[in-house]
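Asks: Residues per chain, in single letters:
There are 2 protein chains.
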Amino acid sequence: MNFDTQVERDLALLARGTEEIIDPADLRKKLLRFYETGRRLVVKEGFDPSAPDIHLGHTVTLRKLRQFQDLGHEVVFLIGDFTGRIGDPTGKKETRRQLTEEEVRANAATYAEQVFKILDPAKTRVAFNSSWLGRLTLEEVIGIAAKFTVARMLEREDFAKRLRDGKPIGLHEFLYPLLQGYDSVALQADVELGGTDQRFNLLVGRDLQREFGQEPQVIITMPLLEGTDGVEKMSKSLGNYIGINEPPFAMFGKVMSIPDTLIEKYFVLLTDVPLEEIQRKKEAYERGALHPKLWKEELAFELVRMYHGESAARKALEDFERAFAQGVCPESAQELCIARQELSEGKLWIMKLLERTGVFQSKSEARRCLEQGGVYLNGERINVHQDVVLQDGDVLRVGKKFFFRIRLV
Amino acid sequence: MNFDTQVERDLALLARGTEEIIDPADLRKKLLRFYETGRRLVVKEGFDPSAPDIHLGHTVTLRKLRQFQDLGHEVVFLIGDFTGRIGDPTGKKETRRQLTEEEVRANAATYAEQVFKILDPAKTRVAFNSSWLGRLTLEEVIGIAAKFTVARMLEREDFAKRLRDGKPIGLHEFLYPLLQGYDSVALQADVELGGTDQRFNLLVGRDLQREFGQEPQVIITMPLLEGTDGVEKMSKSLGNYIGINEPPFAMFGKVMSIPDTLIEKYFVLLTDVPLEEIQRKKEAYERGALHPKLWKEELAFELVRMYHGESAARKALEDFERAFAQGVCPESAQELCIARQELSEGKLWIMKLLERTGVFQSKSEARRCLEQGGVYLNGERINVHQDVVLQDGDVLRVGKKFFFRIRLV
Chain Z
1 MNFDTQVERD
11 LALLARGTEE
21 IIDPADLRKK
31 LLRFYETGRR
41 LVVKEGFDPS
51 APDIHLGHTV
61 TLRKLRQFQD
71 LGHEVVFLIG
81 DFTGRIGDPT
91 GKKETRRQLT
101 EEEVRANAAT
111 YAEQVFKILD
121 PAKTRVAFNS
131 SWLGRLTLEE
141 VIGIAAKFTV
151 ARMLEREDFA
161 KRLRDGKPIG
171 LHEFLYPLLQ
181 GYDSVALQAD
191 VELGGTDQRF
201 NLLVGRDLQR
211 EFGQEPQVII
221 TMPLLEGTDG
231 VEKMSKSLGN
241 YIGINEPPFA
251 MFGKVMSIPD
261 TLIEKYFVLL
271 TDVPLEEIQR
281 KKEAYERGAL
291 HPKLWKEELA
301 FELVRMYHGE
311 SAARKALEDF
321 ERAFAQGVCP
331 ESAQELCIAR
341 QELSEGKLWI
351 MKLLERTGVF
361 QSKSEARRCL
371 EQGGVYLNGE
381 RINVHQDVVL
391 QDGDVLRVGK
401 KFFFRIRLV
Chain H
1 MNFDTQVERD
11 LALLARGTEE
21 IIDPADLRKK
31 LLRFYETGRR
41 LVVKEGFDPS
51 APDIHLGHTV
61 TLRKLRQFQD
71 LGHEVVFLIG
81 DFTGRIGDPT
91 GKKETRRQLT
101 EEEVRANAAT
111 YAEQVFKILD
121 PAKTRVAFNS
131 SWLGRLTLEE
141 VIGIAAKFTV
151 ARMLEREDFA
161 KRLRDGKPIG
171 LHEFLYPLLQ
181 GYDSVALQAD
191 VELGGTDQRF
201 NLLVGRDLQR
211 EFGQEPQVII
221 TMPLLEGTDG
231 VEKMSKSLGN
241 YIGINEPPFA
251 MFGKVMSIPD
261 TLIEKYFVLL
271 TDVPLEEIQR
281 KKEAYERGAL
291 HPKLWKEELA
301 FELVRMYHGE
311 SAARKALEDF
321 ERAFAQGVCP
331 ESAQELCIAR
341 QELSEGKLWI
351 MKLLERTGVF
361 QSKSEARRCL
371 EQGGVYLNGE
381 RINVHQDVVL
391 QDGDVLRVGK
401 KFFFRIRLV
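Here the protein sequences come in this chain order: Z and H. Position one of the first sequence corresponds to residue 1 (the numbering used here), numbered consecutively onward. Position one of the second sequence corresponds to residue 1 (the numbering used here), numbered consecutively onward.
The set of hints was computed from the structure by calculation and includes no laboratory data. Treat the hints loosely; a few may be bogus.
Heads up, the list lumps identical chains together, so a pair's fine if it works in one copy or across two of them.
Pairs of lysine to aspartate or glutamate residues, derived as DMTMM-like cross-links and limited to a Cα-Cα distance of at most 25 Å, are as follows [what the hints assert, rightly or not]: (1) Lys-147 - Asp-165; (2) Lys-347 - Glu-19; (3) Lys-167 - Glu-211; (4) Lys-401 - Glu-345; (5) Lys-167 - Asp-207.
Turn these sequences into a full structure, and let the hints steer you where they fit.
Replies: Given below as structure tokens:
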């Protein structure tokens with residue numbers, strides 16, 4: 001196999017699921033040089049220093065980083081602790097929350113533990129941008145700022161819109177893209193990854209490297225992943241996320257709740273199932289030869305398998321099938337602890353019970369589920385507002401997917 | 001005399017010639033506190049670190065600073081060496097000219113020597129803003145930037161215009177007003193002075209002090225002084241300036257060349273002649289009872305007296321009168337040295353001679369003066385292009401005001 005063939009094969013792998021590569025010719029050149037010289041590419045992605053639970057949305061770019069590692073390259077997992085340490089200076093002094101250095105290190109450890117389910121620790125370097133940004137002098141900052149114009153910053157759609165709408169843009173917000181770009185200079189990054197919402201910032205890094213006499217980084221943007229609601233970007237705060245640490249049955253159930261229109265996208269971005277197979281299944285689905293529930297079960301199975309292993313995936317599938325078919329409580333149901341003193345003559349108001357499940361985003365959502373017949377206690381449908389008698393070991397079912405075993409404590 | 005009366009008297013003095021005071025109530029409060037507590041006000045003005053010849057245009061604000069000193073206050077003569085040391089980072093590396101620390105110190109000395117003709121050295125503190133700006137961390141810069149919005153910066157007319165016209169504004173240019181404003185914070189300035197073109201920057205200082213929990217400075221803007229052409233702001237590069245170090249006769253002659261419409265403004269901004277007297281003369285001039293030449297001679301006399309003393313002023317007036325009336329060479333004519341080897345058979349091309357006087361901005365201007373009969377050698381008009389015989393001691397007259405005694409060396 002000569003280098004050209006290898007490079008073409010790598011490019012095809014790396015292109016999977018991407019929104020945009022700027023530009024492919026540069027990437028080809030860099031990959032070729034790797035084979036010729038053995039010098040690994042430095043592939044960078046920046047992360048917030050707040051400690052999140054990593055969910056499938058995060059894995060879209062993390063998995064792309066892993067692909068680079070599998071091809072032999074080095075990943076820099078860059079923790080943007082500098083701005084995190086500053087906090088948002090526009091906040092009032094009282095509410096301004098600066099992370100301490102210890103907190104940042106602790107969060108980094110939490111991060112690492114999770115991302116190393118996807119990244120190869122041996123080919124990952126964890127870096128903190130405070131190491132170089134904290135040392136910049138005002139003179140250097142001015143030198144960096146001078147390389148960009150105000151008009152260029154206003155090309156960023158959200159800035160332009162806020163200015164048009166008369167909404168404030170703090171001057172410091174113009175500095176952040178520069179600092180993120182300077183990270184690429186400091187790291188001499190060859191490639192930077194991000195979501196499509198990061199496109200502008202990634203390009204700033206590319207330009208800034210050029211200004212500093214470096215070979216500009218290739219930027220790769222990945223599509224944003226919609227969450228289980230099928231509409232909004234997956235995020236913890238919207239409650240539409242699927243965490244990679246969620247227990248097998250919960251993960252399986254959540255995947256089964258995504259709209260059918262997202263199955264293909266999830267397969268492409270979140271799994272290694274070959275594109276040809278995905279395409280084949282998609283065509284079968286479109287001509288009615290593959291039921292979406294079955295296709296989605298394959299997706300849920302694959303995702304649980306990736307994060308919990310084959311046997312856990314098989315069990316989650318069986319549990320789900322049984323629950324779906326028979327409406328019975330699967331063995332893997334969650335425990336729902338209720339204090340005995342909360343009960344009044346052994347009873348609890350049904351809405352209070354539903355609220356405790358954590359399944360609903362709002363009371364009106366819980367009410368709707370109840371009134372539409374989605375709530376069962378020990379297999380018996382409860383569809384009016386009432387007090388219900390609770391005993392230890394009772395099984396509460398909410399909708400098709402959520403089962404809880406009541407524990408009176 | 002009670003404090004209120006003193007404060008009102010001070011306010012009247014300080015208001016002379018100002019374009020704007022923001023705001024007078026704050027200034028009154030600060031002046032009153034001075035009398036009550038004895039704490040002197042800190043009055044700041046910033047200057048470029050390049051070494052200029054101080055001209056009458058500079059004295060408009062310098063004289064206002066002196067008024068504050070005469071009332072007991074402290075002046076900070078602030079040399080903006082920080083940005084001078086950086087240079088303009090947008091320039092190409094080759095042309096980027098950074099002043100060294102030694103050059104800045106040398107220029108400061110040149111400055112001091114000149115400004116202390118106006119300021120009282122005992123009540124002047126010379127400061128360099130690199131002392132605090134050079135030590136700012138990026139974190140602090142972000143904190144300062146966060147206090148301003150992009151929209152606010154675009155209120156500055158020149159920024160708004162350049163953005164509208166598609167002309168570039170470097171991002172660092174947004175930082176400079178902040179840094180200038182931060183100077184006021186670092187100095188805890190009570191008052192800042194500047195030309196009307198500095199209004200925006202002075203206000204930034206006022207706002208920034210408020211953000212840093214300081215009492216905001218009063219800003220005083222002074223009108224820009226037109227030069228001898230009566231149109232453009234006085235500046236060395238335009239050649240329309242009157243330097244405070246110019247010899248008496250040259251200064252006198254230059255003042256006599258300003259348009260009549262500027263006499264009043266020069267009196268108000270550049271002299272201590274009481275406003276009532278200026279007003280009286282102006283009315284006499286307007287009803288034709290005072291010839292503008294006489295009024296202007298009073299102005300020229302007063303200005304030469306201020307910078308060279310009474311007897312030099314009297315001599316300059318006499319010389320001017322004689323030259324004006326008789327067209328003869330005044331004793332105070334400048335020497336114009338010509339090397340003998342430049343002559344060819346004792347002669348020099350007239351245009352070459354005119355060029356050496358330094359009076360003209362361009363060759364075409366010199367040609368026009370020659371052809372219109374403004375050039376005399378030893379009282380004889382030269383109005384055609386020719387070689388002229390030059391001898392040591394010859395008198396060259398150019399226009400009405402410029403006399404040169406030829407020195408062959």
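Asks: Run every hint past the structure and note whether it holds.
Replies: Hint by hint, here is what the structure shows:
Proximity of Lys-147 and Asp-165 under a CA criterion of 25 Å is satisfied inter-copy only: 20 Å between copies versus 27 Å inside one chain copy. When the C-alpha separation of Lys-347 and Glu-19 is checked against a cutoff of 25 Å, the pair qualifies neither within a copy, at 54 Å, nor between copies, at 80 Å. Proximity of Lys-167 and Glu-211 under a CA criterion of 25 Å is satisfied inter-copy only: 20 Å between copies versus 31 Å inside one chain copy. In this assembly of identical chains, the alpha carbons of Lys-401 and Glu-345 never lie at most 25 Å apart, being 30 Å within a copy and 113 Å across copies at closest.
In this homomeric assembly, Lys-167 and Asp-207 come within 25 Å of each other (Cα to Cα) only across copies, at 20 Å, whereas the closest approach inside a single copy is 28 Å.
Of the numbered hints stated above, those contradicted by the structure are hints 2 and 4, listed in ascending order.
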